[in-house]
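J.: Here is how the chains run, residue by residue.
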Amino acid sequence: MQGKKSSSHYNRQDAVFKYLLISASLLVVGLFAALFLMLIRGSLPSILGNGLGFLTGTTWDPINGIYGALPAILTTIVTSLLAVGIAIPVALGIAIFFTEYAPVKAKFPLTVFIDLLAAIPSVIFGIWGLWIIAPLIKTYVQQPLVTSIGFIPIFGGPAYGISLSLASLILAIMVIPIIASLAIELLSRTPITLKEGMISLGATKWESVMRVGLPFARMGVIAAVMLGLGRALGETMAITMVIGNSYMWPFANPSIFAPATSITSKIASEFYEATSAIYAGSLIELALTLLIITLATNVAFRYIINKTNKEAKR
Amino acid sequence: MDNCTYEKLDISGLDAWFGDKQALKGVSLRIKPKTVTAVIGPSGCGKSTFIRCINRMHELTPGNRVSGVVLLDGVDIYKSVDSMDVRRKVGMVFQKPNPFPNMSVSDNVVAGLKLIGAASKKELEAVAEENLKAVGLWKEVENDLKKSGASLSGGQQQRLCIARALAMRPEIILMDEPTSALDPASTAKIEDLVKTLKAETTVIIITHNVQQAARISDMTAFFYLGELIEYGETRTIFESPKSPLTERYITGRFG
Chain A
19 MQGKKSSSHY
29 NRQDAVFKYL
39 LISASLLVVG
49 LFAALFLMLI
59 RGSLPSILGN
69 GLGFLTGTTW
79 DPINGIYGAL
89 PAILTTIVTS
99 LLAVGIAIPV
109 ALGIAIFFTE
119 YAPVKAKFPL
129 TVFIDLLAAI
139 PSVIFGIWGL
149 WIIAPLIKTY
159 VQQPLVTSIG
169 FIPIFGGPAY
179 GISLSLASLI
189 LAIMVIPIIA
199 SLAIELLSRT
209 PITLKEGMIS
219 LGATKWESVM
229 RVGLPFARMG
239 VIAAVMLGLG
249 RALGETMAIT
259 MVIGNSYMWP
269 FANPSIFAPA
279 TSITSKIASE
289 FYEATSAIYA
299 GSLIELALTL
309 LIITLATNVA
319 FRYIINKTNK
329 EAKR
Chain B
719 MDNCTYEKLD
729 ISGLDAWFGD
739 KQALKGVSLR
749 IKPKTVTAVI
759 GPSGCGKSTF
769 IRCINRMHEL
779 TPGNRVSGVV
789 LLDGVDIYKS
799 VDSMDVRRKV
809 GMVFQKPNPF
819 PNMSVSDNVV
829 AGLKLIGAAS
839 KKELEAVAEE
849 NLKAVGLWKE
859 VENDLKKSGA
869 SLSGGQQQRL
879 CIARALAMRP
889 EIILMDEPTS
899 ALDPASTAKI
909 EDLVKTLKAE
919 TTVIIITHNV
929 QQAARISDMT
939 AFFYLGELIE
949 YGETRTIFES
959 PKSPLTERYI
969 TGRFG
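Residue numbers (this note's numbering), protein chains in the order written: chain A, 19 to 332; chain B, 719 to 973.
Just so you know, these hints were derived from the structure itself, not from any lab. Take these hints with a grain of salt, some might be off.
[Unchecked claim] From the structure, some residues in chain B lie toward chain A, with a derived Cβ separation under 7 angstroms: (1) 802; (2) 810; (3) 816; (4) 820; (5) 830; (6) 943.
Glycine included, C-beta positions come from ideal geometry on N, C-alpha and C.
When you get a sec, could you build the whole thing from the sequences and use the hints?
T.: In structure tokens, the structure reads:
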């Protein structure tokens, strides 16, 4: 109140600054709303033309005007979850090694390499996955598995190399540094008193991490995993290069060794071909779907955090 | 003091280093079973380092070193025993109560036993109850056994930590200024508890409070600059200290 009455130079400066900050914050909200509305508007031809069949359809046939997005949606969700599933144990392993076992001299190089891994452009992962990893994984992993346990549909042949599972692996490698660097940060914040309490009862370092360190860092680790999941859901370039871009998975061939198409790879590889309004609209609706999946992940993540927060306070 | 002739702990020529800095210099002393030994001395005199050599916690920090002989019931804990086994036999209570916040009150008590495995859920519950009773906490937490260990008050937390150490049936319990973070009422409870503990086990307790040492201990060890200056029966130390340093410290003229 007093601020309003006085008209000193400083108060005016403060007010100007305040409105600048408010408009910066509003810009974020506005951009998001504009983006969302643009996507809805762009998908209108598809929403009206394809109806709900868009979300449940399993065929994508632009020539005959059939646009079913279910395989792409499932591929995006499954590759991301698999990637995070592979990344979690590796990333936590790195973090535990770093905080508990690594000699002081090894710590700096290790952080540098983790950061470098996070900085590699995804197209490099893509080309590496396509030319180097795909043939290797085909010969040494997929083929032996197909011949031994191929009777289980999800491990069925033929082995293509480029596939859903290769995409998950490449995604996992891209997600590992994100989770690992956050987990290192979190685990090094475990109070020394708790660690020593566990050690003083005869625990090994490993037991101390599992029983005190990780539970203490649990919430942060969940946040890190969600961040990694968000990265995996949205990753485009590397996925497009290694996933095979076939609509086979999961309905024509449920094998994780089959090529597939994710939402992002579908959009990236077909946008230039989308000449009709409904074709373009269908791709934009795919983008809208991805945005909604990402938002839903975020909301679920906030829910988990809030819940664990409340539990911790109880 | 009873007429026990054998030694629970026999320490000779104990040296300890933090990197290049020597924190303990040739400490030798013997501790009889079922006694309370107070370790006193000004800050930085090596008290904590001394007790952390008895459960091999000192060596946890890279660069730290220990030399000398520590015999627990006649066995050299640095040569013949695995460090984890030493810590099961020598419990520790810390300056700041450190219950595990991710575990319930009863799980806190049996956290050490769970590491060994082997006990059934029922046995663990019984052990939790027995040790919570032993530290006088049972009546206070009987209905909150499933609550987090961190939900208790500071004094309760420290008694919970003592129960956690007791549950291992340790030969020795080391206490590193266990009451310095507590209010007077909680402190009194812990002091009473320490006096009853020696019926079962041997206690070595660091204290900054000289009166506390006089109240609860049978033996007192006075450390100064990493050396054991004087060690003997508490009454003797307080009534007629041999060293002028000891006298100056217990009369509050330094430290």
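J.: Each hint needs a verdict: does it hold in this structure or not?
T.: Each hint tested on the structure:
Interface restraint check for residue 802 of chain B: the shortest CB-CB distance to chain A comes to about 5 angstroms, inside 7 angstroms, so the restraint holds. Look at residue 810 of chain B: its Cβ gets to within about 4 angstroms of chain A, closer than 7 angstroms, so that hint holds up. The criterion of a C-beta within 7 angstroms of any C-beta in chain A is met by residue 816 of chain B, whose closest approach is roughly 4 angstroms, and the hint holds. Contact between residue 820 of chain B and chain A, as hinted, is supported at the beta carbon level, the nearest pair being about 4 angstroms apart and thus within 7 angstroms.
Interface restraint check: residue 830 of chain B against chain A, minimum CB-CB distance 3 angstroms, threshold 7 angstroms, status holds. A least Cβ separation of about 25 angstroms between residue 943 of chain B and chain A goes past the 7 angstroms threshold, and the interface hint is therefore violated.
Of the numbered hints given earlier, the model fails hint 6 alone.
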